[in-house]
Structures are given as C-alpha cells and as structure tokens.
Amino acid sequence: MLEVPGGRGDPSFDKARDEFFSEAQELVDGLGRDLVALDQALKRGHSDPEIINDVFRGVHTLKGLAGLFGASRMSVVSHELEDVLDDLRLGRVELSSHVLDALFQAVEIYNRILAAEKGDGPDPTADAEALLVALGQVSEHRGGTGVGLIAQYDLDPGLLGVLTEYEEHRLRTNIQAGLALFRIRVRFSLATIDSALDDLKEKTKPHGEIITYLPTGSGTDIETIELEILMASRALLHVLRAAIAGPQVDIEEVRRRTAHSLAVQSSLPAAPMAAAPAPRSPVIRLDPTTDAATLGGSGPPPILGSTGLPALRAESTSARGSGPAPSATPAPPPGALTGPVGVPSRELSLRSVSQTVRVDIRKLDNLMTIVGELAIVRTAIAGLSDRVRIRPELRQLGIELQRLHRSFDRHLSQLQNGILEVRMVPLGQVFDKLARVVRQISREHDKLVKLSITGAETEIDKLIVEELSDPLMHMIRNAIDHGIEPPSEREHVGKDEVGNIVLNAFQKGNHVLIEVEDDGRGMNPEAIVASAVRKGMVSADEAKDLTAQDIFALVYMPGFTTKEVATDLSGRGVGLDVVKTNIAKLGGVVDIVSGVGIGTKMTITLPITLAIISVLLVEIAGRLFAMPLASVGEAMGFDDRQVRTLEGREVMTVRGKSLPVCRLARLFGLAATEPASTRSFVVIALMGNRSLGFVVDRLLGQQDIVVKALGRSIKSVRGFAGATELGDQRVALVLDVAALIDEVLAGGESRFMAAALA
Amino acid sequence: MRRVLVVEDSGSTRSFVRAVLESADRTDGVGPCEVVEASCGFEAMRLLPRGPYDFIITDINMGDINGLELIRFIRKSEHHRSTPLVIMSTLSGARDVERGLALGANAYICKPFTPDELCAACGRVLSQGAR
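Residue numbers (our numbering), protein chains in the order written: chain A, 2 to 759; chain B, 642 to 772.
Chain A extracted, bound-state conformation (with noise of 0.2 Å):
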C-alpha cells in the first residue's frame, strides 16, 4: 500500500492520496489514447511531435506523482520510459511500431501497478522488469541532432532564455526542414485566454507549428496579456496574416541574420488606435502601445506600470468607440478587479480554468440513497394528503398540503435527474482502451483489423462503464480470435484483407445499445447445436426445436467454451458465459445475430443507470413486486381463455404474433389468496428482442424507487434484482427481468427454488 511519507493518517493527506490514485488513472487512459492516436499517424506514414510531447508530458506528470505519494514500481517505469520519450521528443530517436509496441506495453504495466497499487491485482514487478529490458533496448539506438542552427535568427535573448529543451528541438527541427520563422504579437483577455489561444492555435495548424508563446510583459495591465508567438510555417507572411482572423494581429518574419538579402517584410506597428476605429475581435487584439524597439526584438519591452496605466485608458477609449455597449465607469486603480477593458471580463476571470470537480462515485450513491429517503417520504405525504382530503373540516388543509406535495415531488425529481447526470461518462472511456486491445490482440494473431467507433458519446451510469470493459474486451477478443479470418484466408473468399470490427453505441429510450460486429467467418448454428448435444446441454429431441436465437443463445452457456468447440466450429467460445454474467449482473442482456462467411453482431442492451430505478409495482397472490419500467412493454387485462398451449408452453396472441405467458404466482409457489375468477393482467416484458408476458392479479401504479441488494442468505436466488422500501411501510421485491426471461424462455422453470418465497 502507499504511504504519503511522514504524513500518516492525515485526512488532508488521505485525500491528496486518493486522487492521486484518480488522476494516474486519467493521465494513464490519456496515454493510452495518445499512442492509439500515434499508431494511427504512424501507419499513414506520420508522426505528430504534439502528440509525443503529450505522452512525454503524461509520463513526466506520473513521475513526479509516483515519488510523492511513494509508488516506488511506478516511479522506476516512469523514469526509464521519461528517457526513452525525451529522446524521442528531442528527434533523439526515430519512432517505430516497435517503440509503439513497448509504449503500449508500457501502458498496461502502469494498469497493473495501479491496480495492484489499490490492493487489487498481482504483482505487477516481473512485468515492469521485462518492459524496463524492451526501454533499455529502444534506448540503445539513439542518434545525433542538428545544432548550431538557430543562432542564425534574429531571435530575442530574453526569447531564447525561456524556451524549454524541447521547444529548441522544435525550433531547430523546423528550421533545419526549411521552415520561415515568424513573430506573432496578439493581445488576449486574461479571462479567456485559453480558448482564445487554443482558436488561434486552431487557425494556425494547417500553416505550420507555434513554437512557444510567452507574456511580453509589456503594456500588461490585470485585464489583459500580450504574447509573443514564435511559430515556424510554410506560408508567406501574406497567408499567414489572413489566417489568423483581425487585419491588426501584428505578424513579422524572423530575420536570418546571415542573409542580408532577404527581403524581409517587417510590419510595422500598429497606428494609434484614435486613428485606427476598426471593428476588432473581442479577445484577440493588438497591443496599440507596443513600440519599434520591442518589435525588432533587440530591447526588452517597457515593464508593468510605466506603461500599462495608459494604455489601459486608451483600450477602454477605443473599445468604447468600436463596442456597444459604451461603459460610464472612470478607469480603474491599478489592482481593483473591475474596470474590463472592452470585455465583460469580471465575473469571468473570477472562475478558475478547471471548472470540473472530481467526486468519489460513493458520494454520489450517498446522495442517490438519501433522495430515495426522500421520495419514500414523498409517497408518504400524499397517503397523508389523501386521508385528509376526505375529511371535510380539512379540506381546505387537504388542498394545501397536496399542492405542497406536487411542488416537492417537481422538486425532488429534479434533484434525482440532477444527480444521474453528474454521474454520467461517455462510453468512449471504455472505447479507447478497447482501440488498445484490438491492435494487441490482432498483432497477437497476425491479423488485420480495422477498429471502427461510432457513438462513444454516448452517456451511461459510471459504474456500468466501469463495468464494461472486461466484458467487452472478452468480445472484441472472441471476433479477433474466432470470427475475424487470416488475411490469406479473406481475399481467398474475396473479402478484404483487413477484418472489420465496428462499435457502434447509442441510446434507445431508457437503455443503452452496445453493439460489436465483425464481417468474419460468423457462427454455423448446425456446429453449434451438434456440439451441445454432445456435451449433453441439450437432448438430441430439443435441439429440432430450437430456434436461431436459442442456438445462438447456447455459445453463452458455461461450459460451452473449450478449444475442441472453437476448433470444430470455426467459431466462438472463450468464456462467453462470463459475458453474459457479467452484463446480466449490470440488469442487461446480449444478443447475437450471425450468418456464416457474413460475419457476427453481437448487441449488449444495458439500462442507462442502476442508482434508480421506475418501476410498476404489482400485486401476485397478496404480495407485492416491482418491475422495472424500463423492460416492461405494456400492460393489459388478461383472460385465461385467451391461453392456449403449444408445445408444453401456455402462450397467447397478441396483435397477431404469439407471446409466451408465465402465471408468477406459479412460478414463484405462491397460493392464489383470491378467487379465480378475478380480473387479472398481463405484464408484457422486453428484453433485447425477446418478450415475455407476465401474469399478475393487479396493478397497482408506478414509483421510482432505490433497490437495495438483498441478504447474503437470499442473493443467489434468481429472478430478484433486489428488494425495496416503499412509502408506507411496505416492502416489495424488484423483478430481475431480464433473468426471468431467459429462465422462463429456457424451460427452467422448475430451477426456480419457490421456496424461498414461502
């Protein structure tokens, strides 16, 4: 475990510790994404030194952080891998796939170590000694650099002073492949000056590379700062000058000072701004006080205070003649917060950069049980509303309270969406490291696979994300391994070489869809039901009656996993069980489609949360239940002549298709407490593309409610997700839908342990 030295059960200290844990974890994601994005540019022939310096970034931040907070495995990696990256950030070293393939080596070794870190994981230090051998290698091949070369440019000492090791590389790298210099002056507002910088990094891209920025410090005042640019491009001055939007950015070419015939356009100062009451951007602006000294880079600029007071005076001059709305408000003394110049800058440039805050998901649960509290409340007081609305001496009491309780109920359900929100990720946080697996796996296999993501935006409850990943990797793995066929083996059958694995994600009502489909060999259901009846999963008698989707469903049985299967049926196996345990355990269910030499689609339907839940409550033999909404279809009246039996199986029709109907109160052993006679109804659930009509006796209306995990006594009996409280005392067990479906559908129900009912 880690130990903050000398700082033993401090809270302050156990907090800077846990996010420590939190921001590895990001800056190692992030690195994953980087050198995916790397792989990518490498394979197009590229590579993009930004991206290298992000990774070199990471891993530099990571380094300092292992050593604080003692990660001693973590602290080593990093610092043989800050190495390997310096070199290749410094041009010290060529990137390669085979660099790529130990930074990516690297990236789970860091996985590991965290994991292992937090308690729960091997021992990742064989790993992190075999990775340490293959950086040590990358190392070996270094080679030399240019020099010498920047001294040539009429470049500002005080410029040269501040460029870090790697912006000098960067310098003489462009330079060396014959890029123009050029010196860029623009006046940002403080208050947005990151996203004013990053649209002009954004304009200037395609032209070439910003070296570095730095304040001028010159005519600086508290709204606004001034940055020299140096930036290395392709393009004239004149192109460049159009680029970045504002004919008054002043942009100057960098003299060489060895070619003295170089017609060097220098642009002169911008004229006073009186004269010059051209509408301007609102963020980027010229600094009008800047003088020919300073331009020519040969002068340090004028220091805060001598200058800055006026030229603070004449933006605000100038902003009012061109800005409308004109400002009555006399010029600022120097250190007051108010007194914008020419930006509503104030309540701005309070707020910080970083308006995110990062929460413990337990916080959040805490909250989400506590507005549970609140809505049992909730239903609470409009029992109570009730009862007093029929009293007519307190009718008048009754309207108020209910219209209290209507406010509440508003209220409260904004605070319960507010929540969910909060916790709320895209799913792309799972893609990504999925984008990692694919290029391992199929490197693994000596196949090409094409990875394509559509929908990572998608939102979904944070711990279903995070329970996501192994699932889904287990999928990507079975497509590679099993569906996508050897690139001999695709153009052979006139396929494309390169084997395509699409995720494809997206919401549909209160679920979300995940699919993965390959364009492999696809799975032959005669080989599948042939080897399950060998291994005595089914009878050779049920297997005729099987459909497509029961065939498919049987790859998803335990046991159904071992080589000989994958052998003698060109297709899937390894523990696919676990898949769909796992995503059942998140209330969701898989299906798959396929169709042999087309390929298979596998699609996860998940719920878009689990912290609450909408449910109808019914009413089965005297005792209550919940179903969530989410898989409920429809509810009908329901009448026994409508049953028939087909096949040992009561089903009924529905508009025309036949759905199979299972009595609850059976199911679950419970004894009919009322006359057969009585109306009962049908609950009509859907789970992926199966459905299921469930007989209750009654209806008894909808609630969102908190589900609580049942007794360690109990929590192997299937069919329950959980049990809850409702408003009045009362307490009703949640139906595990998608669990019931899949028994019922399967003929288990005599699995069913009813006694745990009675």
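Careful: at least some of the hints might be erroneous.
Stated by the list, open to error - Interface residues of chain B toward chain A, partial, derived using beta-carbon atoms under 8 Å: (1) A660; (2) V676; (3) T731.
Unchecked claim - Okay, the calculated beta carbon distance ranges per label pair: (4) Q177(A) x A761(B): 42 to 48 Å; (5) A743(B) x G137(A): 32 to 38 Å; (6) A761(B) x D471(A): 45 to 51 Å; (7) A743(B) x S98(A): 37 to 43 Å; (8) P12(A) x G672(B): 17 to 23 Å; (9) S13(A) x A761(B): 17 to 23 Å; (10) A743(B) x D447(A): 50 to 56 Å; (11) R667(B) x S97(A): 54 to 60 Å; (12) E166(A) x R667(B): 37 to 43 Å; (13) G179(A) x A743(B): 52 to 58 Å.
Since the hints were derived computationally from the structure, they do not count as laboratory data. No residue lacks a Cβ here, since even glycine has one placed at the ideal position from N, Cα and C.
Add chain B to chain A, keeping to what the hints say.
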C-alpha cells in the same frame, strides 16, 4: 499566516503541497500557510494581481505557458518582482531549472520531495528574502 501561490497542473500534487503547507510548523520558518492554487500558468497570471503573496511555488513543465515563462513574467511585474519564488520540478528538467534560477527563482526542489524538504526550501527563501 503566510499566503502562498502554488502553480502546478497536477491536482494531487497541489493537494499534497497544500496539505504540507497548511500544517507547516513554525520551526521551519514557514508556519501554517494560506494556499492559493493555480492549475496552470494562465490561471496563475489571473491570480497574481490578487496578491500579495508571501511566496510563490511553481512547476516548470505545464500545459500552457511553461514555468520559465511564468517566472520571467513574475519577475517583470511590479508587484512580484521580489516575491520569493520556489521551483518544484523533476530532475529531467535540470537544464530548465538552471534557467529558472537564472531568471530569478530563489530555490529549486526536486520532485519527488518529502514534506520536510518542501518546508525547508520554503523556509529558506522566506528567511533570505528575495534577491
């Protein structure tokens, strides 16, 4: 109570420094501090006019402007020309650190550091005063 501006892009490192400095001992010559955090160079520049600060601690390798640029800016500004300034950085940036000291930083501590090392460095620059 002393007021310190901590410029560092890693949240957990900031929390660490905050934890150390808020509970610092007077025997180090530091004493409990009020810690103002900036998560990047630009944010630091936004926070600088809201000083005064008794001292400033900055990282070098940051996302937007680097620590060297920030130090140059700080040393040029009227109000912070002489505010004691500590660089905290990893060894790999040794050359950058040298430059930082040349630009007017008063001390440098190498990451990772212990709470004691941090307090000692802060105490040193506070007792020296700025150059």
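Each hint, compared with the structure:
1. About 4 Å separates the beta-carbon of A660(B) from the nearest beta-carbon of chain A, less than 8 Å, and the hint is met.
2. Residue-level restraint check for V676(B) is violated (minimum Cβ-Cβ distance to chain A is 11 Å; threshold 8 Å).
3. For T731(B), the interface hint holds, since its Cβ comes within 8 Å of a Cβ in chain A; the closest pair sits about 5 Å apart.
4. A C-beta distance of roughly 44 Å is found between Q177(A) and A761(B), which places it inside the suggested range of 42 to 48 Å.
5. Between A743(B) and G137(A), the C-beta spacing of about 34 Å keeps the proposed range 32 to 38 Å intact.
6. A beta carbon spacing of about 47 Å between A761(B) and D471(A) agrees with the range 45 to 51 Å that was offered as a hint.
7. Remark: the range hint 37 to 43 Å for A743(B) to S98(A) is upheld by a beta-carbon distance near 41 Å.
8. Distance hint for P12(A) and G672(B): a CB-CB separation of about 20 Å, consistent with the stated range 17 to 23 Å.
9. The hint said 17 to 23 Å for the Cβ distance between S13(A) and A761(B), and at roughly 20 Å that hint holds.
10. Remark: the range hint 50 to 56 Å for A743(B) to D447(A) is upheld by a beta-carbon distance near 54 Å.
11. The hint said 54 to 60 Å for the Cβ distance between R667(B) and S97(A), and at roughly 56 Å that hint holds.
12. The given range of 37 to 43 Å is respected by E166(A) and R667(B), whose C-beta atoms sit roughly 39 Å from each other.
13. In this structure the hint that G179(A) and A743(B) lie 52 to 58 Å apart at CB is violated, the actual value being about 32 Å.
The structure does not agree with the numbered hints 2 and 13 stated previously, though it agrees with the rest.
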